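**Student:** Read off the chains here:
There are 2 protein chains.
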Amino acid sequence: MSQRITGVLSPVITPFRADYTPDADRFIQQCRWLLGNDVGLAVFGTNSEANSLSVVERMELLEQLVASGVDPARLMPGTGACALPDAVQLTAHAVKLGCAGALMLPPFYYKGVSDEGLFRSFSEVIQRVGDHRLKVYLYHIPPVAQVGIGLDLIERLLSAYPGTIAGIKDSSGDLHNMTAMLDRFAPQGFDVFAGTETLLLANMQAGGAGCISATANVNPGPIAALYRHWQGPDAVQRQAALDALRAIFAKYPMIPALKAAVAHWSGDTQWRTVRPPLVELQPSQTQSLIHELTAAGFSMEGLNA
Amino acid sequence: MSQRITGVLSPVITPFRADYTPDADRFIQQCRWLLGNDVGLAVFGTNSEANSLSVVERMELLEQLVASGVDPARLMPGTGACALPDAVQLTAHAVKLGCAGALMLPPFYYKGVSDEGLFRSFSEVIQRVGDHRLKVYLYHIPPVAQVGIGLDLIERLLSAYPGTIAGIKDSSGDLHNMTAMLDRFAPQGFDVFAGTETLLLANMQAGGAGCISATANVNPGPIAALYRHWQGPDAVQRQAALDALRAIFAKYPMIPALKAAVAHWSGDTQWRTVRPPLVELQPSQTQSLIHELTAAGFSMEGLNA
Chain A
1 MSQRITGVLS PVITPFRADY TPDADRFIQQ CRWLLGNDVG LAVFGTNSEA NSLSVVERME
61 LLEQLVASGV DPARLMPGTG ACALPDAVQL TAHAVKLGCA GALMLPPFYY KGVSDEGLFR
121 SFSEVIQRVG DHRLKVYLYH IPPVAQVGIG LDLIERLLSA YPGTIAGIKD SSGDLHNMTA
181 MLDRFAPQGF DVFAGTETLL LANMQAGGAG CISATANVNP GPIAALYRHW QGPDAVQRQA
241 ALDALRAIFA KYPMIPALKA AVAHWSGDTQ WRTVRPPLVE LQPSQTQSLI HELTAAGFSM
301 EGLNA
Chain B
1 MSQRITGVLS PVITPFRADY TPDADRFIQQ CRWLLGNDVG LAVFGTNSEA NSLSVVERME
61 LLEQLVASGV DPARLMPGTG ACALPDAVQL TAHAVKLGCA GALMLPPFYY KGVSDEGLFR
121 SFSEVIQRVG DHRLKVYLYH IPPVAQVGIG LDLIERLLSA YPGTIAGIKD SSGDLHNMTA
181 MLDRFAPQGF DVFAGTETLL LANMQAGGAG CISATANVNP GPIAALYRHW QGPDAVQRQA
241 ALDALRAIFA KYPMIPALKA AVAHWSGDTQ WRTVRPPLVE LQPSQTQSLI HELTAAGFSM
301 EGLNA
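Keeping their order, the protein sequence lines are chains A and B. If you read the first sequence in the working numbering, its first letter stands for residue 1, the second for the next number, and so on. If you read the second sequence in the working numbering, its first letter stands for residue 1, the second for the next number, and so on.
Bound conformation, chain A alone:
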């Protein structure tokens, strides 16, 4: 974990068979396509339905991914959990496999918990994993987790574990929050990833490290291109094109829409399956989504059929 991971990462969607078991072969294939588009792998994120997977399922998928030859330096698996032992087990496992970082949700069942309680949660994981290779990326996603990670908590964690607390994924969608984190912590080597590519250019301009975004699952190449060329003359146009595409996906439930798009362009209908409590798109929604995407000139080049 010596080299910091930066750039564009995808919270890789998790393929399921009809019986809802995870499909490692399709998963590895999708990960390879993303890597081929210069996108890293934030596997087991919100868009991966990770919290709908058991600890064992997550560990097995990660092992199979690494065993397939994927470079763990391109991996930032989600390892946060409500239960401390689960978070410790997942995080230690990711470190052992050589992953570049661990993206950690706070425990998210209890609401209105204190910074002291959240500090203890992260602190216990770091101490119990007890490995200098560990790089923790905090995962701030208040719209879903309802439990956020504020600036004072980050400061306290950075002070206590300066070599370990490496950055954050900010999925608040709040530009002000993102720039406040950059102003306060980027000088200490704290890497801020925007939680959407809509804020990628703004994040890079303010000193950020990249983005980890749902739509990197389907539009990896152009998002990665903006990351590479954010200082180029066409950066604003690139950002506008990304925003236009995201706006189409945002009209639908995101995870089922991502899977519907992959199913369509790969010709592999199994990709449509989501685990309960999520529900796949209705046929009319799928038709409308694909129509809009096609009209916008979208395609997924090189996706294995």
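These aren't lab readings, by the way, just hints derived from the structure by calculation. Do not take every clue at face value.
Same chains, same names: a pair is fine if it fits in one copy or spans any two.
Quick list of in silico lysine-lysine cross-link-like pairs, DSBU-like style, CA-CA up to 35 Å [as the list claims (entries may be wrong)]:
{"id": "1", "residue 1": "96", "residue 2": "251"}
{"id": "2", "residue 1": "96", "residue 2": "111"}
{"id": "3", "residue 1": "111", "residue 2": "251"}
On a predicted model such as this, the values are computed, not experimentally measured, just so you know.
We have chain A; now place chain B onto it with these hints.
**Tutor:** Only chain B this time, still in chain A's reference frame:
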């Protein structure tokens, strides 16, 4: 699971050692004290910090409890989880041990999920467990889970699984919601437990089955007495006395306050420990809580010191 469980149940607080491991001996001792006060055991509820426990920890504690001689007909363990395989494993395990019921949270990570998705979640668990002994009690606690269980979903589940969907714990705190469920579903044998003893009398008067309440951990005898005597001449006074005591606890973070009370009256300070992200009461809070409780004439008789 032929005999329906009713009355007052406690979401039993889970004792931890200093290293945050669950303490089965203290747990069993506390469960026995509750049973001796005519209170059943809704172990692994919100107040049990159940979502802060791993699946294995929950199964081991339940096995030790049953092995200690506790009658599983008095047990309604929480078995809901974000991940379908976890909910299936926990529920099948509870049924195998002969528990009277399983109290099931919906998957609670994703917010704004559809009734179709929640129906599939519960339906998959019921089908995969595949045991006619299973009695599912739905757990509606929108202030914490943020994912609620509405009347239309209950109706659909009752229609699909009339012998299995046995009731609900309603922790909405909304009297109107509780009576609406009773009006619509009690005639079909659907047992409604109030999520607080504050609504116990109202629930019984409207045809309910009892309550499952945090403060049953510390005030079991008087709550159980109101259940037994809800048609008696002093029911309103009994309810008022319960409300007055609950009002004291409600001034503090509930779970740490329950544990502080048990620690004080048992003389066993280890009971104060909560798992992160929760935090134990500050010394000044504990002092104030114990002072108020003592002034109100509260004690915990027969609690093992």
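**Student:** Treating 35 Å as the Cα threshold, decide for residue 96 and residue 251: within, between, both or neither.
**Tutor:** neither (40 Å within a copy, 45 Å between copies)
**Student:** Cα distance capped at 35 Å. Does residue 96 pair with residue 111 within a copy, between copies, both, or neither?
**Tutor:** Answer is both: 32 Å inside a copy and 33 Å across each meet the 35 Å cutoff.
**Student:** With 35 Å as the alpha-carbon cut-off, assign the pair residue 111 and residue 251 to within, between, both or neither.
**Tutor:** The answer is both: 29 Å in one copy and 17 Å across copies each meet 35 Å.
In terms of the numbered hints stated before, the structure departs from hint 1 and from no other.
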